[in-house]
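Participant: The chain contents come next:
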Amino acid sequence: MPRGMHKSRTLRRVFVKTPGGKTTLHYRKRKPSKAICASCKKQLAGVPNERPYKMMTMAKTAKRPERPYGGVLCSPCTRKLLQQKAHQSVEEKK
Amino acid sequence: MSIYEIGRICVKIAGRDAGRKCVVVENVDDIFVMIDGDVRRKKVNIRHLEPLAEVIKIADKASHAEVKAAFEKLGLAVWDKKSKKQTERPKQIRKAKKKVVEEKSKKEKKAETKSEQKEVKKETVAEVSVEEKQEVEELSAGETVEAETKEE
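From first to last, the protein sequence lines are chains F and B. Under the numbering used here, the very last position in the first sequence is 94; numbers go up by exactly one each time. Under the numbering used here, the very last position in the second sequence is 246; numbers go up by exactly one each time.
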């Protein structure tokens with residue numbers, strides 16, 4: 001029987017294969033939610049969702065795409081935004 | 095003729111250089127063009143570019159130096175390679191070794207001290223003997239003097 005504290009679903013369950021060949025149940029803390037695009041709310045690619053202690057050990061370049069608005073907007077939304085800005089600059093010059 | 099003619103100023107909208115201005119330097123084919131300016135000089139898909147109204151006069155396959163001169167006239171920034179100089183490895187400087195005095199074994203030490211003591215003793219003995227001899231001489235001299243007086 002699991003311990004009382006393990007009966008609730010606060011912790012996520014991970015099946016771990018031991019060196020002896022048995023599978024045991026481990027309890028781990030849940031991961032934070034996945035990053036989403038600020039405009040279209042889709043999940044962002046290339047942005048890991050790990051617990052803060054793991055994110056701290058990662059390099060900055062491993063945590064978001066290396067482009068303007070990387071880690072905030074998805075790539076199609078970034079393109080649209082930059083296109084709009086380019087059009088605006090053209091119109092202002094006219 | 096496509097809009098991406100040589101000298102057309104564009105904005106890059108994809109990748110690391112997104113949002114930066116560039117100029118078309120060479121038409122590779124229908125899809126790809128060579129760009130230079132405030133971006134890394136490279137071949138790009140025209141779908142990654144957004145054309146602007148300006149077209150500058152520039153030679154076909156212009157070098158980076160020419161593009162740089164043209165961009166500086168327009169007052170635009172130019173991407174330059176930041177080639178790093180190889181830094182020298184920090185060399186470990188060895189500390190000058192202290193001259194290690196070879197520790198003599200106990201026997202040798204003892205022998206040395208003993209020999210020194212002996213020498214000291216010898217010297218004292220020699221001094222003493224010299225003094226005694228002098229005394230003896232003096233005494234003998236006195237005796238001779240006494241003998242001489244008796245003879246008289």
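Source of the hints: derived by calculation from the structure; they are not laboratory data. The structure presented is a predicted model; accordingly, all values stated were derived computationally and were not measured. Treat each hint with caution, since some may be false.
[As the list claims (entries may be wrong)] Taking lysine-lysine pairs in the DSSO-like style, the calculated list, with each CA pair at most 27 Å apart, reads:
(1) F/K94 <-> B/K151
(2) B/K204 <-> B/K189
(3) F/K85 <-> B/K162
(4) B/K162 <-> F/K94
(5) F/K60 <-> B/K176
(6) F/K34 <-> F/K60
(7) F/K80 <-> B/K136
(8) B/K151 <-> F/K93
(9) B/K192 <-> F/K85
(10) B/K137 <-> F/K80
(11) F/K93 <-> B/K162
(12) F/K94 <-> B/K136
(13) F/K60 <-> B/K178
(14) B/K175 <-> F/K63
(15) B/K178 <-> B/K192
(16) F/K85 <-> B/K136
(17) F/K80 <-> F/K31
(18) B/K203 <-> F/K63
(19) F/K60 <-> B/K167
(20) F/K63 <-> B/K178
(21) F/K93 <-> B/K167
(22) F/K85 <-> B/K137
(23) F/K60 <-> B/K179
(24) B/K216 <-> F/K85
(25) F/K60 <-> B/K136
[Said to hold, decoys possible] Derived coverage of chain F by chain B (criterion: at least 3 residues anywhere in the stretch with Cβ under 8 Å from a Cβ of chain B; other residues may be distant):
(26) 32-43
(27) 63-69
[To be verified] Derived Cβ-Cβ restraints for the label pairs, each shown as a range:
(28) B/V172 <-> F/L25: 57 to 67 Å
(29) F/E66 <-> B/K178: 17 to 27 Å
(30) B/E166 <-> F/V90: 17 to 27 Å
(31) B/P184 <-> F/E66: 25 to 35 Å
(32) F/L25 <-> B/R183: 48 to 58 Å
(33) B/K185 <-> F/S39: 47 to 57 Å
(34) F/T57 <-> B/K167: 39 to 49 Å
(35) B/R134 <-> F/K85: 19 to 29 Å
(36) B/A190 <-> F/V16: 48 to 58 Å
(37) B/S96 <-> F/E50: 31 to 41 Å
In this text, a Cβ means the ideal position worked out from N, Cα and C, and glycines have one as well.
Participant: Now, for every hint given, state plainly whether the structure supports it.
Facilitator: A quick look at each hint next to the structure:
1. F/K94 <-> B/K151: Roughly 20 Å separates the two Cα atoms, so the pair holds.
2. B/K204 <-> B/K189: violated, 35 Å
3. F/K85 <-> B/K162: The hint holds at about 24 Å.
4. B/K162 <-> F/K94: Holds, because 26 Å separates the two Cα atoms, which is no more than 27 Å.
5. F/K60 <-> B/K176: holds, 20 Å
6. F/K34 <-> F/K60: holds, 17 Å
7. F/K80 <-> B/K136: This hinted pair holds, its Cα atoms lying about 22 Å apart.
8. B/K151 <-> F/K93: Judged against 27 Å, a Cα distance of about 19 Å means the pair holds.
9. B/K192 <-> F/K85: violated, 71 Å
10. B/K137 <-> F/K80: holds, 22 Å
11. F/K93 <-> B/K162: Holds, at about 23 Å.
12. F/K94 <-> B/K136: violated, 30 Å
13. F/K60 <-> B/K178: Measuring from Cα to Cα gives roughly 21 Å; hence the hint holds.
14. B/K175 <-> F/K63: At roughly 25 Å apart (the allowed maximum being 27 Å), F/K63 and B/K175 satisfy the hint.
15. B/K178 <-> B/K192: With a Cα-Cα distance of about 41 Å, the restraint between B/K178 and B/K192 is violated, given a limit of 27 Å.
16. F/K85 <-> B/K136: At roughly 23 Å apart (the allowed maximum being 27 Å), B/K136 and F/K85 satisfy the hint.
17. F/K80 <-> F/K31: Given pair F/K80, F/K31 is violated - Cα atoms ~31 Å apart, limit 27 Å.
18. B/K203 <-> F/K63: Status violated; Cα separation ~71 Å.
19. F/K60 <-> B/K167: Distance ~36 Å between F/K60 and B/K167 Cα, so the pair is violated.
20. F/K63 <-> B/K178: holds, 25 Å
21. F/K93 <-> B/K167: Answer holds: F/K93 to B/K167 is near 18 Å, not above 27 Å.
22. F/K85 <-> B/K137: Status holds; Cα separation ~23 Å.
23. F/K60 <-> B/K179: holds, 24 Å
24. B/K216 <-> F/K85: violated, 109 Å
25. F/K60 <-> B/K136: Distance ~25 Å between F/K60 and B/K136 Cα, so the pair holds.
26. 32-43: violated (count 0)
27. 63-69: With 3 residues in contact (Cβ-Cβ under 8 Å with chain B), the coverage given for the stretch 63-69 of chain F holds.
28. B/V172 <-> F/L25: 57 to 67 Å: For B/V172 and F/L25 the Cβ distance comes to about 60 Å; the hint holds.
29. F/E66 <-> B/K178: 17 to 27 Å: With a Cβ separation near 18 Å, F/E66 and B/K178 satisfy 17 to 27 Å, so the hint holds.
30. B/E166 <-> F/V90: 17 to 27 Å: Hint holds: Cβ distance 22 Å, inside 17 to 27 Å.
31. B/P184 <-> F/E66: 25 to 35 Å: holds, 30 Å
32. F/L25 <-> B/R183: 48 to 58 Å: Holds: the Cβ-Cβ distance is about 50 Å, inside 48 to 58 Å.
33. B/K185 <-> F/S39: 47 to 57 Å: holds, 54 Å
34. F/T57 <-> B/K167: 39 to 49 Å: holds, 48 Å
35. B/R134 <-> F/K85: 19 to 29 Å: About 21 Å separates the Cβ atoms of B/R134 and F/K85, which means 19 to 29 Å holds.
36. B/A190 <-> F/V16: 48 to 58 Å: holds, 57 Å
37. B/S96 <-> F/E50: 31 to 41 Å: violated, 45 Å
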